[in-house]
Amino acid sequence: MAIATPAAPTVDVPAIPLRQLLPWLAFTALLGLLVIFFVSADQGAISIPAGNAIHEWVHDGRHLLGYPCH
Amino acid sequence: MTPRTFLVHGLLAGLFAGIAAFLVAHALGEPPLETAISLEQEHSHESGHEHENGVTVSRENQSTWGLATGTLAIGAALGGLVGLAAAVALGRLGRIRATQSTALVALVGFVAVALVPFLKYPATPPAVGDPDTIGHRTALYFSFLGLSVLAAIAAVVLAARLLPRLGTYRTVLAAAGGYLVVMVLAAELMPTVDEVGSFPASTLWEFRRSSITTLASLWAVLGVALVGLVGRTQEKLAVENARRELAASL
Chain A
284 MAIATPAAPT VDVPAIPLRQ LLPWLAFTAL LGLLVIFFVS ADQGAISIPA
334 GNAIHEWVHD GRHLLGYPCH
Chain B
-14 MTPRTFLVHG LLAGLFAGIA AFLVAHALGE PPLETAISLE QEHSHESGHE
36 HENGVTVSRE NQSTWGLATG TLAIGAALGG LVGLAAAVAL GRLGRIRATQ
86 STALVALVGF VAVALVPFLK YPATPPAVGD PDTIGHRTAL YFSFLGLSVL
136 AAIAAVVLAA RLLPRLGTYR TVLAAAGGYL VVMVLAAELM PTVDEVGSFP
186 ASTLWEFRRS SITTLASLWA VLGVALVGLV GRTQEKLAVE NARRELAASL
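Protein chains in written order, with this note's numbering: chain A, 284 to 353; chain B, -14 to 235.
Calculated directly from the structure, the hints in this document are not laboratory data.
Computed from the model, here is a short list of chain A residues facing chain B with C-beta under 7 Å: (1) 308; (2) 327; (3) 328; (4) 339; (5) 342; (6) 347; (7) 351; (8) 353.
The list that follows gives simulated cross-link-like pairs (lysine to any residue, SDA-like), each with its CA atoms no further than 20 Å apart: (9) 105(B) to 198(B); (10) 221(B) to 297(A); (11) 221(B) to 76(B); (12) 105(B) to 173(B); (13) 221(B) to 295(A); (14) 221(B) to 84(B); (15) 105(B) to 136(B); (16) 105(B) to 132(B); (17) 221(B) to 298(A).
Glycine included, each C-beta is placed from N, C-alpha and C at the ideal position.
Go ahead and model the full structure; you've got the sequences and the hints to work with.
Here it is, written out as structure tokens:
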């Protein structure tokens, strides 16, 4: 069974070294959190930039994805 | 498998998740949202409180392009993050395959990022929630969300350490139990937000049900797509390796 299918449990999966993962993780986290901020909270409690255009545009998504809106 | 593999797969899975979330939110969430907005407008006419001047986006746009922008952006962002979290988990959670550790990451992600925060601070439709308390409510929601994510990460890291000593059953019990204890305590200690007032209960229920269904479909599609993509890559790599080994043995 283990020989017949190449996808069968490879007992030890090699981990990716943290050194190699860190820059990807840091950049993705930075960018991801920024995107989440703009959709979930901008122009509610804090506004960058001032105004309500972003809030208005993503209004329905903010409500339905469970973020506090207004 | 490289970080690149996981990021690309995560972003792609996130895109699918965003599309699924949009479809569910549009079909199930928009009807109660419309009802809530009409109630809000009735209310604001009575009290003379109009929306502050600024940009107005039509309901038509808000419920289609605006909603899609939100779900796709959140889907892609979460997809990238979950993809890389799966890259970190690879080979570090005991002797399980890449697809299994990836599925675990997606499941933990749904519970910690969507389900548990929803149980304490559930989604509110328009007309529920005092605009003056938005700062307080935002701080509470994101504090609870942050704590939930940190507790979940701590539980998984701890589980990886305990696994060789305690075995799978006891490790899972300890990690899940530890996370639960922390979150139940936090939920008990943190203030409750109740600004529902006289908003109709059935509309509120319908709205919240559609909201959690949207979140569940986002995470389900994200997890299933990511596991599928990772599994496909894993199989390809295994076939390549087998071929290389065969060639080397000749």
